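Chemist: Okay, here's what each chain looks like letter by letter:
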Amino acid sequence: MPSLTTAPPPTRREPWRRSGPPSHRPNLFAVAIRGLRTRHWTFYLGAAILLLVLLVLLLTPWIAPYDPAAQDLSNRLAGPSTEHWLGTDHLGRDVLSRLMWGGRFSVTIAAITLVICAVVGTVLGAFAARRGGWVDEVLMRTVDVLVCFPDVLIALLLIALFGTSYGTLIAALTITGWTPFARLMRGLALEINAKEYVEAAEILGSPKWYILYRHVIPNAIRPVLAMSFLRFGHKLITVGALSYLGLGVQPPDSDWGAMLLEAQPYMETAAWLGIIPGVAIFITALSVTMIGQGLDVQKPRRKRATVTGARDASPVRLAPIEGEAQ
Amino acid sequence: MLKFLVRRTLVLVITLGIVSVLAFLIPYVGGGDPARKILQARVSDPSLTQAQVDALSKELGLDRPILDQYLHWLGNAVTGDFGYSYTSRVPVSTLVVPALSVSISLALAALVVALVIALPLGIAAATRRGGKIDNAATFASQTAVSAPEYWVGPVLVLIFAQYLGWLPSGGWSGAAYIVMPAIALALRPMGYFTQVSRAAMTEVLAAPYITAARSRGLSFPRTLVRHGLRNGILPVMTLFSFWFAGLLGGSVVIEVIFNIPGMGRLLYTSVINNDVPVIQGGLMWILTIAVVVTTITDLLYGVLNPAIRVTHA
Chain A
1 MPSLTTAPPP TRREPWRRSG PPSHRPNLFA VAIRGLRTRH WTFYLGAAIL
51 LLVLLVLLLT PWIAPYDPAA QDLSNRLAGP STEHWLGTDH LGRDVLSRLM
101 WGGRFSVTIA AITLVICAVV GTVLGAFAAR RGGWVDEVLM RTVDVLVCFP
151 DVLIALLLIA LFGTSYGTLI AALTITGWTP FARLMRGLAL EINAKEYVEA
201 AEILGSPKWY ILYRHVIPNA IRPVLAMSFL RFGHKLITVG ALSYLGLGVQ
251 PPDSDWGAML LEAQPYMETA AWLGIIPGVA IFITALSVTM IGQGLDVQKP
301 RRKRATVTGA RDASPVRLAP IEGEAQ
Chain B
1 MLKFLVRRTL VLVITLGIVS VLAFLIPYVG GGDPARKILQ ARVSDPSLTQ
51 AQVDALSKEL GLDRPILDQY LHWLGNAVTG DFGYSYTSRV PVSTLVVPAL
101 SVSISLALAA LVVALVIALP LGIAAATRRG GKIDNAATFA SQTAVSAPEY
151 WVGPVLVLIF AQYLGWLPSG GWSGAAYIVM PAIALALRPM GYFTQVSRAA
201 MTEVLAAPYI TAARSRGLSF PRTLVRHGLR NGILPVMTLF SFWFAGLLGG
251 SVVIEVIFNI PGMGRLLYTS VINNDVPVIQ GGLMWILTIA VVVTTITDLL
301 YGVLNPAIRV THA
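Protein chains in written order, with the working numbering: chain A, 1 to 326; chain B, 1 to 313.
Okay, chain A solo, but in the shape it has when bound (with noise of 0.2 Å):
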């Protein structure tokens, strides 16, 4: 009977030190984009809308028809002609080439404001998930507030207060825009926290960071880019409410909703000007809006009716926290 004591001591795992056998080291990357081909179709639509949407913003100084400032005042509110493919406004300033221009600080202040309220909202959700308590408390008590405020007149507010400047602008937005990222991440977090892989983990003794890093983050980055996307096309359309209430991006710049503004009085001989800007926000906001959902709800696979009379139930996550007061 062989002794307990000659057995060989059992090796120890600890895929979070470098040496050792070769580690499990989460691709991030992947892991984001798993079953991108499994996608329902409104997904490759949106992501191909959005690409070329950026690509043209991107390429503008190269390939706008003209200079976005250049007035042609014998040739105002012209209609769309070969010349001016979207016509021109009440300066005689190519449509086209003012959407092109304006669409780079839509995009960009909305993209800036969002990934601020990503990062501050998931930070601050992953910590009260993890302290719990009064800490907790105290942070979704302030969410729960937040959420009644309107975005537009905090925005307005704190403009009113600070002057417009495009910080203002970003700031104003972040107050009350990192909410659902705090609430998504909080019940994300709770959720993994519980799990029996995590606290495997932790009677392994691995730190906390390698617990965050292997465990935590990849199975919230979905959920959380799925939010941003979702939450894009809200930012997009809140910056140009603010331009259109002339409290956004200021003159000589300007931005989708700030050439609504200035179409406002030409409606009725040149209801184009009042068109066009608002179909270019609504066709972004629609993209990132579908590869949000398509990120989000897997692909539904048909199963023949149940009992209930309701098919293939599996659990949508993001809807109810996503669908905030504006």
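Calculated from the structure, these hints are not laboratory results.
Predicted, not measured: the structure shown is a model, and the values here were computed from it.
Built from N, CA and C at the ideal position, the CB exists for glycine as well.
Please note that the accuracy of each hint is not assured.
[Unchecked claim] Quick list of simulated restraints, FRET-style, between CB atoms:
#1 A/Gln250 <-> B/Gly61: 29 to 39 Å
#2 B/Leu218 <-> A/Arg130: 27 to 37 Å
#3 B/Asp81 <-> A/Asp67: 31 to 41 Å
#4 B/Pro221 <-> A/Thr164: 48 to 58 Å
#5 B/Leu108 <-> A/Gly167: 32 to 42 Å
#6 B/Met237 <-> A/Trp209: 36 to 46 Å
#7 B/Pro221 <-> A/Pro251: 55 to 65 Å
#8 A/Arg141 <-> B/Leu300: 16 to 26 Å
Chain A is already provided as a structure; the job is to place chain B on it using the hints.
Modeler: Same frame as chain A, now just chain B:
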């Protein structure tokens, strides 16, 4: 349940307290002497003597300690007295209360339109996931969510007021005036309501008690009404309260476009004119209503769903 009630009420009071401090501090943020700002707003003359500023400072009690001022302001605010508007020289409440009633009716009209369309659509989509109705509902909701209301509004005016002449293009003096702004405002909540009711119903329909009800021989529509709706409607209710609160001051753009004398436009103009008492009063009114409405929704949640009552108590 009582503990839950007390807890929520406490949170409500603390929240409003913090908000009131922030609202009180508005004139002090951004630097500068508030008395000077008030005079500037009144006379729009940048060359003011220090004596004039000091006189007003004394008259309004702005030279007293700030805590003193806050308590005085809060005492008045609790009774609904936020002072006089700088620009129109009338009590703030005579401006805010009518504007609030306009905004409440507009918000309710928009949200009821949204709910009436979205709820059946969401439920239909949830019962046949991946089917034609589901795809149509998803696409419709994505479209609705992506449409900026400051674009939909003017386009609606162009079609229904300018070309067809069916509806008035702006103003607020009858039922016809509410139609276009309500529709323009309803689009985005409609999109969200559809998604949320679909998600909630999907979850509910997969629950064991639905299977149990169906196994007992209850017809599907009856199961839906008796067991599904009661649970499925809860998230929609929460979202409704969020949107209601948000639209009270958040319909700025639509109120400006349609020339509606609501809360959004009032706050917009007072922000432009730096009319601090109106901003403070308006914000406090809106946020009080918003926080009370969301708290009541939370409590209703507890009443409708006993599971929450137990876990929160």
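Chemist: Return the numbers of the hints above that this structure violates; sort them in rising order.
Modeler: The structure conflicts with hints 2, 3, although it agrees with all the remaining ones.
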